[in-house]
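Keeping their order, the protein sequence lines are chains A and B.
The first sequence: position 19 = 19 (the numbering used here), numbered continuously.
The second sequence: position 260 = 1260 (the numbering used here), numbered continuously.
Worth flagging that the hints you see were computed from the coordinates, not collected in a lab.
Do not take every clue at face value.
[Said to hold, decoys possible] Heads up, simulated BS3-like pairs for lysine-lysine below, C-alpha to C-alpha not over 27 Å straight-line:
#, chain 1, residue 1, chain 2, residue 2
1, B, K1318, B, K1304
2, B, K1029, A, K178
3, A, K193, A, K178
4, A, K228, A, K252
5, B, K1042, A, K193
6, B, K1246, A, K79
7, A, K236, B, K1246
8, A, K147, B, K1246
9, A, K230, B, K1318
10, A, K250, A, K178
11, B, K1304, A, K194
12, A, K241, B, K1175
13, A, K250, B, K1042
14, B, K1029, B, K1112
15, B, K1042, A, K252
16, A, K194, A, K228
17, B, K1175, A, K228
18, A, K241, B, K1246
19, B, K1175, A, K236
20, B, K1182, A, K147
21, B, K1042, A, K230
22, B, K1372, A, K193
23, B, K1182, A, K194
24, A, K250, A, K236
What follows is the residue order along each chain.
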Amino acid sequence: MAHPQIAAFARLANGGQAPLRTVYGQGSKLSRTMHDIRYDEMHDEFFVVNPFAEAILTFRGGTSGQESPIRIIQGPHVKIGGNRLDVDPIHDEIFVPDGRRIRVYPRTANGDVAPIRIIEGPDTLLTRAESLSVDPINNILVVGFNKGEQDRENGALLIFNRTDSGNVKPRAIIRGPKSGIIRINQMAVYPPKKLIVATMPGLVDQMEPPDAFLGIWTYDDNGDVPPKWKIPIGSKTTLRKPFGVVLNPKNKEVILSDMRLNSVLTFAVPEIF
Amino acid sequence: MNKTLRLVLAGLLVWLAYGILMQAQADRKPVVIERAPLRFIKDPNPSFSAVAVDSESNMLVVSDENMFRIMEYDRRENTPPQARLSEPKRIISGTNTKAEMICGVYIDPKTKEIYALNGDTQNWMPVFSTDARGNVAPNRALNIPGHPFQLAADEDQQLLYMTIQSDNQISVYRKQASGGEKPVRTIRGNDTRLEDPHGLALDLKNRLIFVSNFGNGNVRGTGGRYGTFAPPSITIYPMEGSGNIKPVHIIQGPKTLMNWPAHMAFHQERQELFVANDADNSILVFHASDEGDVAPIRVVKGPKTGIKSPPGIALDSKLGELYVANMGTPSITVFPVTANGDVAPSRTIRGGPAGTVGLMIGNPGAVGYDTKREQILVPN
């Protein structure tokens, strides 16, 4: 994308309605390829990764214009690697996936701060970990695998304990043809119902993959398990390549971003909440 | 029943229950939710990110990152104020084109082929002939790993130069390269001071490469790699440079007014460097020999200019015109190369209604929700 930005739209925005505010410019320290964003209601902050400067940026909730982040985690000890993250506001931790490992940082860290723990090692089975979501209530960490053009294996969802560290085995792995998972992009969890909500945009090099969908699994799923619920691409949903997902439980809505449409779609899905 | 038998039976029951649960999971049929979205945020207009001009053929080629299109206009087009938009002469778009997030375009001065650089999502630079339109396969395509941003050509040497953002690199390819052909040389390494390179322009007389950098850097050392932030800059290298070379000089500092310097264009006769200054809604002009913390010699900026979030720029040196691609509003604005200050464009080619605000959503890899303000957060 030629112009990096974070745009904030009203929940009820529709059509070509302009954003209420945008964050951009040199002062913001943003870059392109911000493939995750997490809002922390408890502390009224939001978080993104700048993968080009290998930095975790924390902004105050109402940030607008060319305002700078309030905290930056960056430096030789940081080694973030990935471009996605999630935040646990209760235990004050930031989780960042990086292929073969998951690094965990203090939420309030600023500057050149080493991770406080790392999930890493052959027993973890981590190979293409590029997205995750943390549940601080049920103490669950769900990790999504990507699939590059050269990868033989399809993606997967791996379930760990939130406090896992070192060379630990995952509690469960959802993978296989019935799961429909080729690769996982952004994810969300819904602690009250123990749900995993993940976008499955299909193969990277396919502009309009025939099998993309939003899938909803449970924490108890293990093995080659189809999703419990599925929002498919197609003419009815208008989805073509779902990339991002976030839940709005208050209004029983699932909000999706679609790469091929360059758009944001909100679905009423009361049955999952 | 003895204790051992009870334990065996209990284990068997647990095993059976687990087996039934696993089978039930594997056999379950997903509930398919097929319904229309309640709301659908979508920019109905193009988002112009790059522009190229050829006055000999009156070709004006622009890329639209919103609807993944390459569009050709007549360069003399000037959308009347009462018109909704100007229709392009042709559009190249679709899943056969290998063109998606196009952030750089180039017109071959002899063949009039269009070179289109995917900045994201597709690792290809497709090349299209003059009769290509619609959902057509390119004549040829070069695989380019990473995230390129702008390309420029040395026609005498038949070489293409391009910036690669993700590797902090300049890659030089044979102009006719295709498939998996590797670059003939690269400029890359800690000494280069390449920090999220974006724009690239060539001074063919003095054999120099100008590169604009956003300042998102990283340092490679024995302990691994780590990120840095630096002020934006323009770094200058010899055109025949290769490897981990130092820039011959650097333009950098607060007087330069750079704020996300994007595409650049070089005017050979005037020895001037034009910079699309994205986050400042301006065009900056520097002398070729400028270095250090210098003020631009001219700045095109202000409400009369119509310039808004401009990543793209092109020069027509023969006719003395400057073309600006605006993402913040769906337009190409045209100025004389001598324009300075808050001046109205000599022509405006609109892809949407006048005054429209561009949403600039591009490859939205994620979405967030601000529960306090009830706002949807969309990063590019």
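For this session: Please write out, lowest number first, the hints stated earlier that are contradicted by the structure.
Result: 5, 7, 8, 9, 10, 11, 12, 14, 17, 18, 19, 23
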